[in-house]
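**Student:** Construct all of the structure, not just a fragment, from the sequences and the given hints.
2 protein chains.
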Amino acid sequence: MSRLRVHNLAISLDGFATGEGQSLEAPFGHADGRLMEWFFPTRTFVSMSGHESEAVGTGTTGLDDEFASRWGHGIGAEIMGRNKFGPQRGPWQDHEWEGWWGPEPPFHSPVVVLTHHERPDLVLGDTTFFFRSLTPADALALATELAGGLDVRLGGGPTVVREFLEADLVDHLHLVVVPIVLGRGERLWDGLEGLEERFDIESTASPSGVVHVVLSRRPR
Amino acid sequence: MSRLRVHNLAISLDGFATGEGQSLEAPFGHADGRLMEWFFPTRTFVSMSGHESEAVGTGTTGLDDEFASRWGHGIGAEIMGRNKFGPQRGPWQDHEWEGWWGPEPPFHSPVVVLTHHERPDLVLGDTTFFFRSLTPADALALATELAGGLDVRLGGGPTVVREFLEADLVDHLHLVVVPIVLGRGERLWDGLEGLEERFDIESTASPSGVVHVVLSRRPR
Chain A
1 MSRLRVHNLA ISLDGFATGE GQSLEAPFGH ADGRLMEWFF PTRTFVSMSG HESEAVGTGT
61 TGLDDEFASR WGHGIGAEIM GRNKFGPQRG PWQDHEWEGW WGPEPPFHSP VVVLTHHERP
121 DLVLGDTTFF FRSLTPADAL ALATELAGGL DVRLGGGPTV VREFLEADLV DHLHLVVVPI
181 VLGRGERLWD GLEGLEERFD IESTASPSGV VHVVLSRRPR
Chain B
1001 MSRLRVHNLA ISLDGFATGE GQSLEAPFGH ADGRLMEWFF PTRTFVSMSG HESEAVGTGT
1061 TGLDDEFASR WGHGIGAEIM GRNKFGPQRG PWQDHEWEGW WGPEPPFHSP VVVLTHHERP
1121 DLVLGDTTFF FRSLTPADAL ALATELAGGL DVRLGGGPTV VREFLEADLV DHLHLVVVPI
1181 VLGRGERLWD GLEGLEERFD IESTASPSGV VHVVLSRRPR
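If you read the sequences in order, they're chains A and B. If you count the first sequence from 1, position 90 lands on 90 in my numbering, and the numbers rise without skipping. To get my numbering, take the position in the second sequence, counting from 1, and add 1000.
The hints are simulated quantities; they were obtained by calculation from the structure and are not laboratory data. It should be emphasised that the depicted structure is a prediction, and the values quoted were computed from it without experimental measurement.
Selected chain B positions facing chain A (Cβ under 7 Å, derived; list incomplete):
#	residue
1	1014
2	1180
3	1192
4	1211
Stretches of chain A that chain B covers, calculated by requiring three or more beta carbons in the stretch to come under 8 Å of a beta carbon on chain B:
#	stretch
5	7-15
6	176-186
7	196-208
Every beta carbon over 12 Å from chain B, so not counted as near; a handful from chain A, in silico:
#	residue
8	48
9	60
10	96
11	127
From the three backbone atoms N, C-alpha and C, an ideal C-beta is built for every residue, glycine too.
**Tutor:** What follows is the structure in structure tokens.
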């Protein structure tokens, strides 16, 4: 059975998955890069982004990378919200924006972008973006078909993850709790009272200061 | 220097330190005992409450008890909110209510109860309750004097802890993050944006499933 998985979703101690005031210049709003500082030094991020440097070399391979690297294993397609694809809101003014990732996006698979404003499919390297207005269940059905028997990754942002959790479609949720208090932004947990009844939950503290929390859907 | 310490303050994944609908019958509201399930089997709780039984014997002595037991070390006085002392609100109808703890409360020290409705001091065993209407700073000054050189414990509830954190009076905050999503109740983190700038934060995952998070005030 193909599963729906979320990986590397970072939240603050107070449960915000992104800050207030997202824009092209500040994709995480006032949180800046603070939710992802644990991620930047990992080999997974370095090899994904080409950010190899004297400071990080080819990247760390400790506990944080162990969790981060699971991102790509056995994934055949991704679903993401439009806000992850780009900072624009409302109808597309043109089709010049082609995502944050340049000509070779790191997905290497079909990507279903959920948006009320459809546009033509976009092929970049070995990633194809499909822009569709679909319910969570229908988006999962499409992505599962595109994944060809592999798992589907739910790439965020937090609003999309929450919608899929509310619809009880998520099988695996890897959170990273970062020891900061953001105070404002997009809350992950709103509307999810009692979520623990459907999941086994395991926490692992990392020497970097973050805590990896994995929620695994119990058999239905 | 006498420090102000908070111990064993449990919060849900979504940051609620108590549920909705607190009453005499449900001191944690709809959270019931779920925030304290990690605590009940510990030797610290068993010896405090006299709940020794065949099921728990004299209590567990693992990681959770290691954290829980720090509650009493080097403490000379406690400060608590009136909601921790009892379920009544508004003016005292009478003085019959003498707390949840019976004739031998587990504090063994002076306790300053913060209330807008003062009443005569109450002596129970070797615990004396002082009912005072004071600002956080003045309450701490009184408790520090009563503690005779030892530390002061801030006993909760969450509203009181948040007020003392806002006033930057807390030196040590031990939280226990319980893997449940409460959805409603009293939030610990509201109004505390940027708290991490004043604290070192260390997380330890327990085999029981909770995560102990210790915030230590940086030198001023």
